[in-house]
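Visitor: Sequence:
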Amino acid sequence: MDLHFNQSLASGYHSGSQISRVLTEDWMERNMFCPVCGAPVLGHYEANKPVADFFCDDCKSDFELKSKESKTAVIGHKIADGAYGTMIERITSLRNPHLFVMTYTNWTVNNLLIIPKFFFVPDIIEKRKPLADTARRAGWTGCNIEIGSIPDSGKIFIIKNSQQEDKSRVVDQYQRTLSLQTSKLESKTVSPLPHFKTIPEGVFF
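Counting in numbering that gives the first Met the number 0, the sequence shown runs from 0 upward without gaps.
Simulated from the structure, these hints should not be mistaken for lab results.
Treat the hints with care, as some may be off.
What the hints assert, rightly or not - Calculated pairs, DSS-like style, for lysine-lysine (alpha carbon to alpha carbon, straight line, at most 27 Å):
| no. | residue 1 | residue 2 |
| --- | --- | --- |
| 1 | Lys-59 | Lys-128 |
| 2 | Lys-59 | Lys-116 |
| 3 | Lys-128 | Lys-77 |
Stated by the list, open to error - Across the chosen pairs, the derived CB separations fall in these ranges:
| no. | residue 1 | residue 2 | range |
| --- | --- | --- | --- |
| 4 | Ala-38 | Ala-131 | 45 to 51 Å |
| 5 | Thr-85 | Cys-58 | 23 to 29 Å |
| 6 | Arg-175 | Gly-81 | 27 to 33 Å |
| 7 | Glu-145 | Arg-20 | 34 to 40 Å |
For each residue, glycine too, the CB sits at the ideal point set by N, CA and C.
Let the sequences and hints guide you as you build the complete structure.
Guide: If you want it as structure tokens, here you go:
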């Protein structure tokens with residue numbers, strides 16, 4: 000993997016968030032394999048697709064990407080995201096995606112991990128306070144993804160401290176996590192989602 004972004008794509012953009020989105024999504028499309036089945040490439044959904052950002056044609060998995068500039072080259076405890084309601088609706092749908100979390104500095108990837116979708120649940124989504132009545136989008140409510148609330152078994156590193164993990168090891172880790180989840184569902188002796196509260200009926204970027 001080439002860990003550097005193609006900065007030429009930032010030409011014509013002025014918003015920091017737009018530049019980050021364009022560069023990180025381009026990097027994923029050029030470099031990322033499917034951590035679920037090992038397929039060599041991921042497809043990229045059209046902009047603003049409500050389902051997810053990327054997909055695997057082989058195993059039909061969907062993936063959401065969240066990125067953050069980090070000078071410390073570590074995954075923080077929280078990542079700011081968009082509208083709370085949209086996030087909750089997305090991760091509780093039948094097409095709920097797996098979550099990629101990326102940190103970068105100097106337009107270079109330093110960390111990338113995959114959080115399997117059965118850990119990407121409402122209990123790790125923190126609802127922020129609505130915007131004030133004086134704000135342009137008064138009443139809008141955003142959210143944070145609480146990465147620190149996810150157990151280590153739900154965080155599979157693909158790149159860690161600028162060092163790439165072996166592809167086969169990543170896929171194997173995912174499959175072992177999936178097997179553990181399946182066995183727990185079948186036994187019904189423990190909760191299928193450890194460390195998370197039960198999602199109230201009807202409750203549900």
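Visitor: Determine which of the earlier numbered hints do not hold for this structure and return their numbers in increasing order.
Guide: 1 and 7
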